[in-house]
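For the protein sequence lines, the chains are A and B, in the order given.
FYI, the numbering for the first sequence is 1 to 338, going by the numbering used here.
FYI, the numbering for the second sequence is 1 to 338, going by the numbering used here.
No lab work stands behind these hints: they were computed from the structure.
All the given hints hold, so there is nothing to weed out.
In silico DMTMM-like links for lysine to aspartate or glutamate, alpha-carbon gap of 25 Å or less:
(1) A/K16 - B/D172
(2) B/K291 - A/E322
(3) B/K16 - A/D244
(4) A/K52 - A/D126
There are 2 protein chains.
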Amino acid sequence: MQHFKRKREETGKKMKEIASLIQYRPNVKVVDATLRDGGLVNDFYFTDEFVKALYLTNLRAGVDYMEFGYKASSEMFDADKFGKWKFSRDEDIRAIVGENATDLKIAVMADVGRCDYKTDIINRADSPIDLIRVATYLNTIPAAVEMIEDAAGKGYEVSCNIMAISNTQEGDLKVALDILGQTSVDVLYIVDSYGAIYPEQMARLADIYMNAAVKYGKKVGVHAHNNQQLAFANTIEAVGDGVDWLDATYASMGRGAGNCAMELLLGFLRNPKYNVYPAIQFVDSYMNKLKAEGVVWGYDLQYLMTGLLNQHPRTAIQFTKEKRNDYAEFYREVVAQD
Amino acid sequence: MQHFKRKREETGKKMKEIASLIQYRPNVKVVDATLRDGGLVNDFYFTDEFVKALYLTNLRAGVDYMEFGYKASSEMFDADKFGKWKFSRDEDIRAIVGENATDLKIAVMADVGRCDYKTDIINRADSPIDLIRVATYLNTIPAAVEMIEDAAGKGYEVSCNIMAISNTQEGDLKVALDILGQTSVDVLYIVDSYGAIYPEQMARLADIYMNAAVKYGKKVGVHAHNNQQLAFANTIEAVGDGVDWLDATYASMGRGAGNCAMELLLGFLRNPKYNVYPAIQFVDSYMNKLKAEGVVWGYDLQYLMTGLLNQHPRTAIQFTKEKRNDYAEFYREVVAQD
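If we strip away everything but chain A, and leave its shape as in the complex, we get (with noise of 0.2 Å):
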């Protein structure tokens, strides 16, 4: 950004090989996390025929992994307040995918402190579930990592995606990652909750955990938030940087501006294995319909503004709640908060 005018064979800056805006790394893994962020716009109320169409689609569009939604705890939640894909039983998974014979895995997220992990997940070999991804706040990292053997001691993939790291000192942050790098857990997410992350900023977060990663012999995975119309460019600055999965919703759905775009993620992607025309199709026939109904997320000024002030989105998500529409005077609200 902004940088002092200088030459490039001053500065030492390269770039990135050309090679690789033709070529592609077959590492890269695509997950699709609709249901799971979406869910956080419609309080997880998706009809089975959306889903259905959804794993339909995600199987044309060579999606890697789908995630269906949270197992949250049904001690904590009440069911009757959400859709089932906040619980995302392994029956109601089963009803979709039945035995699911196909390339495409399965994956739903466990938050520390809200998940009965114990009793809630079973075997892998149980169930239809592939990959645990382990939610977790720097300050809960003991947590994550009992859930994270937990999930690999039933025989899961297991990530650990930290959460809200764009106001994390540095340090703290190599610290936990090599805490989880001596654990079992097979990836380690870098997540933008605030969407205030810029992609130079986002060069520099995958440098630390690429270093990690290699240490230890982990894979590195992108979540990013659209709060500045940032959520692609972070997600392909990520993969240029070596980062391997990649979280993308249909239209972008997900908490306030959402997230990295499957349609646009496809687009960019140069693996044959990933069309974009079925990602196309579904946002058309099922994705636009959602926001006729009424269904309410992307980007917009008050998202901006808790982006840019590197603040948890909530007061924008209010301001949205409550079909505000002065935005200027949130301006001076969200400013005046430290």
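With chain A's structure known, arrange chain B on it following the hints.
Chain B only, in chain A's frame:
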């Protein structure tokens, strides 16, 4: 993009200096193109109140140049079919800005082949205009050179905007830059007319332009389109590569998918002369009203498709005008084009 994974040390890739994330480059110039590029979606029918408020907003926001519109030939275009900013007569500008005794400079765009520049552009000493932006395709560079020298001879600052370079051969582009480098032009503009360029490609283009700029003592500018939600990302990529002149429009208003959003750009820039709050106020009070009144622009699936396919957006604009929403069918149509 999708590099074969290797360690940073092996690729020699270096990141931009971290200091540049905090500090700023004083040479950066922000150009508000709202009336000109935005005028393409409402036939330049802006009220005087809107234009006056925009002018005052630019002053408060620290914007460096305000582009009022085109200097279109009144022989070629019917004044009854367009608002006044299609023609940007000096007296109309004067009615808004008076003597413009401010730091905000005034720009207009002059299209090769569509501007009676010899008569319609008078000496700068007698005009409120400071900067003539000559817009050309690669195949009309000699005509652009004549316009550049005419404007420079009349005392103006001059930029040359080479449009639609995403489907240009690199060798041709270099020849064009060599020709333009030897003219009186001040700024050479990278213009991603199709919204087809990814940030890594922007870095390469910036490198090509910067080499010419250093050789000939010129500045480089960037004008991005948002077909793939990359207008802002490409603009901040470019500024990180030494590009100084940055086009933006309020609420991204511009042809098709629109441009880099001013409110995103001002939030990003670190020079304390720039203020994002007036931009937020203006979007809140004026741009959202334009949208509510039915003026249509901005990112949508049809623009993603033409951007992805590196096509002129005219088919997508037509799709929008016809209020079509059969996106999947549109994709089949544009894929069939060569």
